[in-house]
Amino acid sequence: MKISSISWKFFVSKKGRSFFSVLGISLGIMMLIISQILLFTVEKSNEESVKQKYGDYDMLAGYQTSKDHLSNEDISFINKIPGVKKSSPLLYPYLGNKDTHSELLGMPMYVGLKNDSLSKQHPFSNIGKGHFPQENEVVLPVRYVKSHGLKIGSTIEMSFPPNGKKKVKISGTFNETEKLDYIALFNYRWLSQVTSHENKTTVVMLKLSSRSYVENVSESLKEKFSNIYIDGRKEMDKEKENIGGLKPFIHILTFGSIIGSILIVISTLQMAIQERQRDLATLRLLGAKKIQIFTLILVESLIIGILASIVSLGLGTQIAFLSKNFVQHLMNVQIAEVIIPWKSVIISAIIGVVLTILSGVIPAYNAMKLPPIAAYRQSSQGLQKLNPLITIAGLVFLSLSCLIGFLNYFYIDGPKWIYLLTGITFFISMFLNIPLVLKTMTRLFTLIAKPIVGSEGYISGQNVLRQIKRNIQISSILVLAFTIGFTGYMLFSSVVRQSEQTIRDEHLTDYTIRSSESTLEPGFSNELVNQLNKINGLRYISVPTSVFGLTLNLDQEHASKWNGQLFSVNGQQQAHLNLGAIDMKKANTFKSINVLEGTIDQNALRDNGVVITKDIKDLGYKLGDTIQIGRYDDVLKGDKGHSFRIIGVIKDMPLTPGDEYKIYTDPINLQRYFYLNKVQQIQYNIVNKNKTKEIQNQVETLLKNPSFSNTVLYDRAQELQKLKNEATQRMLILLIVVILMTSIALIGLMNSMASSFQERKREFAVLRAIGSRKKQIIRLALLEGIIVTLSGGIVGIITGLIVGYNVLAGLEAEYYILPTVFVLIGLFVSPLIGILSTIFPSIWVSKMNVIKNLRED
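Taking the numbering used here, the leading residue of the sequence shown gets 25, the next gets one more, and so forth.
For the record, the hints were derived by calculation from the structure and aren't laboratory data. It is possible that some hints are incorrect.
Stated by the list, open to error - In silico BS3-like pairs for lysine-lysine, Cα to Cα no more than 25 Å straight-line:
1. 138 - 193
2. 675 - 610
3. 231 - 144
4. 153 - 175
5. 348 - 717
6. 26 - 314
Start from the sequences, fold in the hints, and give me the full structure.
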């Protein structure tokens, strides 16, 4: 017996059903292929976009003043650090010392670069017109050239302390879009000679073998060089995170659509077996073995899988190309061309074939067990019985889920993983209970519909129960789609709401300039505050860098009760506290400070006073007490620190809400006792709204000055918009997958109904013969589809809401979003899917020849 040829004949004997089978599994495989192509394309496009925006280099390491430098030997050491692929030096001969050279006032910042491939990745190499400077040449900003009546090729006299003035030729101008208004670019070697900075590099650019080496290289640099500044270019990684973060999310949703496709294959093969019971029984009676029947069904599933994979490869690649513009808009990434990762695509197609074969195991096993005599004699399909073990298991899981949830909510209030366990248990119980729910819903629907549509309600209900096994798969797909949709929507909505609130709570002002250093006491020069003060239309407040300190007089009784981290100093437990400083009066104008006790008078703070938060009172300190505190490293070396008197207690500091264990004094005390005169952050608003863009450009241009290269500008509105865009991306992807899965359910139900009507065409002919009209036949068929999809929709909505709630509770979410509108949409869409999937088969069966069908046996 040629199993392959028989399987092929079985497959082509029902062309309509086979077509829908291939189409159903194709959607799942196609989703996998499209996601592989588009994710790969977007990743590559995003990498190119990031390279163009930030340059193709990984780190900057060096100093923020020309007093310190890296020698040639130092650069040789750096080049030997594992992970360093290439380096290129930058020279700032007067960085930080410009004020000592009056002849340089009003001049752009001098920078020296080498004319090599790595240096060309730096923004300073973005020359709009002209060429890279050679000896005695310079590239200047367009603004400077125009304001001095110069042009490319002109010769000007420039100062190069301590070596006097020299005439240099203008070889080019910067690209105006780069805002390089304060840079004068020279040839590295020539600038080092003319400024007497031979063998002195200020900053070195590094290209690494991989971004994964950033941390290791940073550690090696910090161990070798003291006070070195390192820019790991985290802003590049941040832009890549949005794309990388989508990967697991899309893979999970794709996996869900694959499961839906598998259920379609199982349903299709079950239909095939049911229709061919006599054929399979005949093969058994003619001598076919059980294993041959088993193999016969698996080969048919193989045929479906291969054809579906071929269709998916063709359609998937074409859809990926056609969706280029949509993906560009969705991901906000410029895509030059769609790139197909053929290895991943072919593996996806193979996975689709394998999963299709595996999905045929259950139907094949059922066909193998079919008794040949009973199957041969069976001429009609009665009510299908449900497996009592599955029903019992479903009820057990449901009871267990309810019990765990009840005990955890009212009595235990245990670990958050219990909520996740409750959600998973409930999800499993609802899937196992789909047969019971479908049966119950059918009978309830029959009871409600009978007074309205008469016997049609009863007949349609009985037909659903007769085909209950194949209808279970259709309902399961809808349950899965709705569960993913509602759980995903609740999770995303909660995360977005919480993230928005966090951003608004942590950033009272529209803009924040932060230190990008990762040290214990990060900060930048106070000069930036002076420069901002010259910009009209700004309202700002600076937050000085805090002392990373340890207490020295902590009450040991309170220390034993405290939940925070403690350190042993001279045999006693001491707490880590940040000693900060702020202008209380100015801070109070941004947002009112809630004073619980005492005062926040700045003069009192200047007189060795401190203000503590209510959280510090848990350490035993109170109004009027003295806090003795010292810098962490100094205390460990035996330093006794300094004493401050508590003059006030506040609830918290609104401008820095994350600093729970921080005390506040006047900035002059940080300079007086700890020699700390840096700024950790500057928060500001633009009060002159008419000049918002102009003022913000001034600030951004100011921050491009190398003196302030260790700063990061945070734009609250930009961050909120970015959050909104990311949420929209994920919501749209979620919606696409839910629509895809419901489409799979629709195709499966259409296939199932067409097959069912084909089997029962003699019954429909009898109904027509006794007086039923075509409209009644169509309505009867539509009611069957509505019962199946409405049951699946209701179960999916309930499951999605409960699983979503438990996921949020397990993640300790602050916001619980009940998607009322989407519940109503789900209740409307569920029966609509049933109508759409049944309408064409019902019209077909209503137009069949009554006499011909009555004569058929």
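Hints, one by one, checked against the model:
no.	hint	result
1	138 - 193	holds, 18 Å
2	675 - 610	holds, 17 Å
3	231 - 144	holds, 12 Å
4	153 - 175	holds, 11 Å
5	348 - 717	violated, 32 Å
6	26 - 314	holds, 15 Å
Checked against the numbered hints listed earlier, the structure breaks hint 5 alone; every other hint is satisfied.
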